[in-house]
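S.K.: What follows is each chain in one-letter form.
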Amino acid sequence: MFHEMLAKIDRLVGIRRAKAHCDIPCGIYDPHQAQVAALTVIRMLDLMTELTNAQKTPTLEYHNSISRHIAVKEEHAELVKREVRVIWGDYLKQEHLDKYPELPGLVHKIMQLGSKCRQGVSRENAMDLLAGVNRFAEIFWETKGIATKRVKAPYKPGEEIVYPVL
Amino acid sequence: MFYLLKVEGSSLEPDFSEGDFVLVSKIPFFFRPVQPGDVIVFNHVLYQTMIKYVERFEPETGEIFVIGTNPESIDSRIFGPIRLRSVLGKVIWHFRRKRV
Chain H
821 MFHEMLAKID RLVGIRRAKA HCDIPCGIYD PHQAQVAALT VIRMLDLMTE LTNAQKTPTL
881 EYHNSISRHI AVKEEHAELV KREVRVIWGD YLKQEHLDKY PELPGLVHKI MQLGSKCRQG
941 VSRENAMDLL AGVNRFAEIF WETKGIATKR VKAPYKPGEE IVYPVL
Chain A
3 MFYLLKVEGS SLEPDFSEGD FVLVSKIPFF FRPVQPGDVI VFNHVLYQTM IKYVERFEPE
63 TGEIFVIGTN PESIDSRIFG PIRLRSVLGK VIWHFRRKRV
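Going down the list, the sequences are from chains H and A.
Numbered according to the working numbering, the first sequence terminates at residue 986, and the numbering increases by one at each position without gaps.
Numbered according to the working numbering, the second sequence terminates at residue 102, and the numbering increases by one at each position without gaps.
Chain A with its partners taken away, still in its complex shape:
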């Protein structure tokens, strides 16, 4: 129901940084479907567990287009849409690393 994960990489800078922790759950989706702007964690066959922003969701096909904030981000612009069933959940809590 809940996953605790550590962010690795810089594709969501400055919102999420390397070393931040996030608490992720599917529970919010029981009350409201995936929305653009949600930060979700999902499994990708090639890149494994990833965290990205939702750019858009197409309910009829179950396809979600995800995007990073960094122009070099590996996201749906590279690997196309992801499937709704691959989503582990939405970020419901963000534990920021202390900035120096």
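So that you can see chain H by itself, here it is in the shape it has in the complex:
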């Protein structure tokens, strides 16, 4: 009865709100985008290597293609960092850090490798970035009690990627 009365008053005058909010969007986190971005970095490096090896004399076409590959590599290396940062900052809590003490070091390593991949053309760094993100994904799904599997991505560069077993 009291609630109905208050609800009527609220409709008339608009009672002040006390927020008991969760994150928005509530609980929607997934490291998959970071994993695909890490694969993209590797793919761009492979394309750049193929293009450069095939080109004896640089042409305007070559410069155009290389520039585009570099731009995508930059964008996706940064995307890896952003996606991991969001999960790190918004989803992971102290209890996760207590259970997985490797997490702070792992996230820091991903941030550094992301930057190295933007700065350089080392495929080894890009593979290390993917390995770091895959481990991050394994831990993420473990915190939700969801098992994972490692499979070869069914597209180039065909490197290993962690998927949740749903």
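These are calculated hints, taken from the structure and not from any lab test.
A virtual CB, placed ideally from N, CA and C, is assigned to each residue, including glycine.
Please note that the accuracy of each hint is not assured.
What the hints assert, rightly or not - Straight-line alpha carbon distances no greater than 25 angstroms define the calculated DMTMM-like cross-link-like pairs of lysine to aspartate or glutamate that follow:
#1 100(A) / 824(H)
#2 28(A) / 60(A)
#3 936(H) / 915(H)
#4 839(H) / 65(A)
#5 936(H) / 65(A)
#6 972(H) / 894(H)
#7 964(H) / 894(H)
#8 913(H) / 60(A)
#9 964(H) / 74(A)
#10 929(H) / 980(H)
#11 839(H) / 57(A)
#12 828(H) / 15(A)
#13 964(H) / 65(A)
What the hints assert, rightly or not - Computed list of chain A residues with no C-beta within reach of chain H, every gap over 10 angstroms:
#14 34
#15 39
#16 43
#17 47
#18 59
#19 60
#20 64
#21 72
#22 85
#23 94
#24 97
As the list claims (entries may be wrong) - If you want the footprint, here are the derived chain A segments under chain H, 3+ residues with CB under 8 angstroms:
#25 5 to 13
#26 27 to 33
Following the hints, position chain A against chain H.
M.R.: Just chain A, lined up with the frame of chain H:
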């Protein structure tokens, strides 16, 4: 002295649900300081007026750690402790929305 507020969000489920009303006052604090387990309403610079449980209170610094019951809750685990002076009061009455 008293505030009537409507709960918005689900971070205190199942104790407090979206659409519940609460009556809040500072008067209880004149008789007993903030205690763990109290449900308080406070102003936050980013999230505005919030309602959460008190996890712990540190009187010497005036810092209160607040927490929700939902694992996804935005609380002191995200934004750190709040200041005692930002507290509007303690929930002294809870008007529950009729559950279907």
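S.K.: Look at each hint and say if it fits the structure.
M.R.: For each hint, the structure was consulted:
no.	hint	verdict
1	100(A) / 824(H)	holds, 9 angstroms
2	28(A) / 60(A)	holds, 18 angstroms
3	936(H) / 915(H)	violated, 30 angstroms
4	839(H) / 65(A)	holds, 20 angstroms
5	936(H) / 65(A)	violated, 41 angstroms
6	972(H) / 894(H)	holds, 24 angstroms
7	964(H) / 894(H)	violated, 31 angstroms
8	913(H) / 60(A)	holds, 21 angstroms
9	964(H) / 74(A)	holds, 12 angstroms
10	929(H) / 980(H)	holds, 19 angstroms
11	839(H) / 57(A)	holds, 17 angstroms
12	828(H) / 15(A)	holds, 23 angstroms
13	964(H) / 65(A)	violated, 31 angstroms
14	34	holds, 21 angstroms
15	39	holds, 16 angstroms
16	43	violated, 5 angstroms
17	47	holds, 13 angstroms
18	59	holds, 19 angstroms
19	60	holds, 17 angstroms
20	64	holds, 21 angstroms
21	72	violated, 6 angstroms
22	85	holds, 17 angstroms
23	94	holds, 13 angstroms
24	97	violated, 5 angstroms
25	5 to 13	holds (count 9)
26	27 to 33	violated (count 0)
Consistency note: the structure conflicts with the earlier hints numbered 3, 5, 7, 13, 16, 21, 24 and 26.
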